[in-house]
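Based on these hints, arrange chain L on the given structure of chain F.
2 protein chains.
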Amino acid sequence: MKFKCSDRMEPLKPSTIREMLKYISDPTVISLAGGNPSADLFPAKELLDVTADVLKNEAALALQYGITEGYPPLVKQIRERLKSKYGIDTPGDEILITHGGQQVIDLATKCLVNEGDTVITENPSFIGALNTFRSFRANLVGVPMDNDGMDVDYLENVLKTEKNVKLIYTIPTFQNPMGVTMTPERRKRLYELAVKYDVPVVEDSPYFELTYSGEITLPIKSLDKTGHVIYAGSFSKVISPGLRLGYAVGPAELIAKMTVAKQGEDVCNNQLTMVTVSRYLERYDLDEHIGHCCAAYSKKRDYMLECIDKYFDKRVTHTRPGGGIFIWCDLPEGYSGTDLWRFALEHKVACVPGSTFDVKLDPKNRGFRLNFSLPSFEEIEKGCRIMGECIREFLK
Amino acid sequence: MKFKCSDRMEPLKPSTIREMLKYISDPTVISLAGGNPSADLFPAKELLDVTADVLKNEAALALQYGITEGYPPLVKQIRERLKSKYGIDTPGDEILITHGGQQVIDLATKCLVNEGDTVITENPSFIGALNTFRSFRANLVGVPMDNDGMDVDYLENVLKTEKNVKLIYTIPTFQNPMGVTMTPERRKRLYELAVKYDVPVVEDSPYFELTYSGEITLPIKSLDKTGHVIYAGSFSKVISPGLRLGYAVGPAELIAKMTVAKQGEDVCNNQLTMVTVSRYLERYDLDEHIGHCCAAYSKKRDYMLECIDKYFDKRVTHTRPGGGIFIWCDLPEGYSGTDLWRFALEHKVACVPGSTFDVKLDPKNRGFRLNFSLPSFEEIEKGCRIMGECIREFLK
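The listed protein sequences derive, respectively, from chains F and L.
Note that the numbering used here numbers the first sequence so that position 31 is 31, with each residue one more than the last.
Note that the numbering used here numbers the second sequence so that position 365 is 365, with each residue one more than the last.
Just to be clear, a hint being listed does not mean it is correct.
For identical chains, the list gives no copy identity; a pair is met inside one copy or between any two copies.
Stated by the list, open to error - Straight line, CA to CA, 25 Å or less: simulated SDA-like cross-link-like pairs of lysine to any residue: (1) LYS85 - ARG186; (2) LYS2 - LEU193; (3) LYS314 - LEU345; (4) LYS56 - ASP285; (5) LYS4 - VAL152; (6) LYS4 - GLY92; (7) LYS4 - VAL141; (8) LYS45 - LEU61; (9) LYS45 - LYS56; (10) LYS56 - GLU46; (11) LYS4 - ASN139.
Honestly, the hints are just simulated from the structure, not real lab data.
Chain F with its partners taken away, still in its complex shape (with noise of 0.2 Å):
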């Protein structure tokens, strides 16, 4: 059978990063390509700890089917870390628990926009957000940013001109893939303007705790008293990716309505990951486990922009995150982040291309990015090494 795709999936490639990583399997090269943390860090002997005594004396209620909110004392326990510490405690809201954050943003999508409604995002922005509003057929509109994050300007002018956005999408926090961070005072701004023109926004935020800092910028989410920001939180950079174990944070009534959206989608959620995760939160401290992580991770980004200093050439700029697992750098103008990758990719060394995270995907974007989470410090030195040398070549 020749079989004839959906206009909606007939655009869609498979996503560059993770066709990479298959073929990254090759252990010749560095990969400075990955978004993972790093499997030092699972807390593997505590999850085992809680998923033991789950197994013993909860296998009845884990391995039967929840309901699709989540199971109610995780949510619980989600509804007040959230509160206590990052002040989120929109009236009305509710909390849907879901498979990865990923699945926030898509049937946020699925309940917000129809076929040819705008979608402003961040440009560069995260790849499977991007893959995801396109597979709903949106109209993606970017919006520049710089060290400070998205330009709330532009935002305001697309906002003034654009028919039909019904979504309005942002990574504030160490975002993906630039690293950068929105400061408290565009956070305000884009509140208000979400307010103004009446548009809901998704704030994504899966790696706002890992700051090496310290200090956490409050999310947008916080500053919300009308049930305009949709939250996505994720554990998957604080505990673990393979659990899959994702939130979404927004007003009843559309969270009702996601909810029979994931019914059609999956169900529920693997409920014996939502009862040992809500075990792990009651038996262990999170946020001492989290100071680990930014511990180790925050050495790593300390090597990786010594590194970067060290061996590439004074023409790339890049930039220097507070905390998450992403470093983006920019060629001068004229270069290729796709070429460079490419040539990077015959010598062994994997990054992103920034054309990946361009709305346009646009190849003569000149940006690429690299993780630090993952590599160990030995791949850091030697990944940027090589990458500079064929950086100095590149640049000839």
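Using the frame of chain F, we list chain L on its own:
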């Protein structure tokens, strides 16, 4: 903020069943409404054994992101099991592991069906699938059922007259909600029609191994030489639904598109679950476990049939399923299953009204669905007795 729902989600209401499950937490209500396996039968001890080993020895693998296609050794195990036991071995096919069987339906629809295209389903059919089709704004056409499954002459007539048919959806074995099984002759005919009219089939098969006669009716997929059948398999009813583990078997090109669609929905499956179940299948005999389940469920089926025959008015007809977990009853002409459902709920017994599974949601649907896997023998007796009294009163 007053949020504006997308057109696709606007008409969708929460699944009656899943909503009911939330309210059936009232311990005085006897529920014959569920679709859950019996928690006594979960292989909790065995899952604990393998999970402990995985978290001790393979945590870096099991807690990390996996590839979207699924954990390769598990893919291989599924492929070999389906081939050796059930003759599923279509040339050019691939497998995608999904977050439960529901996600196969969702992803296949996403990749094959445009808004307004026609999806043909059995009528009545699984509410979760119907709502997925509705969320993609498909035009649903129902084909009547009898004790031998879908009426394939009627199906051909629909294929001849309907335009833009993009999918035929069937649950051929121990169908949800009716419990009936499509005969081998009809399976062959359905496959031939799919080839003749070049329309893909989604064969949803979560129950077929729960056979109480010991005889397996081979899946339609085992006839497939042309790649017209997308097989939706699931471990929910034979290991645990809380683990949310299903899989799609279909032509490589379509599976590749479904993989891209899954990337946009949830990146990849729960890796810990995939690795754990793979180790479980290595170490334990799934067929032996399924044998235990069948022995337990067949007794419950027999007992429920006995109670129905004893307590229900003879004007109520019902199916006699050879396996699975559901029995379907029909009230005499002129009586609505929805009205009976409400009446029985007042008397503290829950079933599911047939209108829930009706393609047109017809409140006059005469059917209602009973589940025998979840209630105890005592609950089956008491539930059927009260239901019988309600029916007698209701038919007066």
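Okay, the hints, checked on the actual structure:
Taking CA atoms no more than 25 Å apart as the test, LYS85 paired with ARG186 passes inside one copy only; the shortest distance there is 21 Å, against 61 Å between copies. For a Cα distance limit of 25 Å, the shortest separation of LYS2 from LEU193 across copies, 16 Å, qualifies, whereas the shortest one inside one copy, 48 Å, does not. In the homo-oligomer, the alpha carbons of LYS314 and LEU345 lie at most 25 Å apart inside one protomer (22 Å), although the nearest pairing across protomers, at 74 Å, exceeds that limit. In this homomeric assembly, LYS56 and ASP285 come within 25 Å of each other (Cα to Cα) both inside a single copy, at 23 Å, and across copies, at 21 Å.
Taking the shortest Cα distances, LYS4 and VAL152 sit within 25 Å of each other only across copies (24 Å), while inside one copy they are farther apart (42 Å). Proximity of LYS4 to GLY92 under the C-alpha cut-off of 25 Å is restricted to the inter-copy arrangement: shortest distance 16 Å between copies versus 44 Å within a copy. For a Cα distance limit of 25 Å, the shortest separation of LYS4 from VAL141 across copies, 20 Å, qualifies, whereas the shortest one inside one copy, 29 Å, does not. In the homo-oligomer, the alpha carbons of LYS45 and LEU61 lie at most 25 Å apart both inside one protomer (22 Å) and across protomers (14 Å), since each shortest distance falls under that limit.
In this homomeric assembly, LYS45 and LYS56 come within 25 Å of each other (Cα to Cα) both inside a single copy, at 17 Å, and across copies, at 7 Å. For the identical chains of this complex, LYS56 and GLU46 are neighbours both inside a copy (16 Å) and across copies (11 Å), given an alpha-carbon limit of 25 Å. Within a single copy, LYS4 and ASN139 get their C-alpha atoms as close as 23 Å, and across copies as close as 18 Å, so both meet the 25 Å cut-off.
Of the numbered hints listed earlier, not one is contradicted by the structure.
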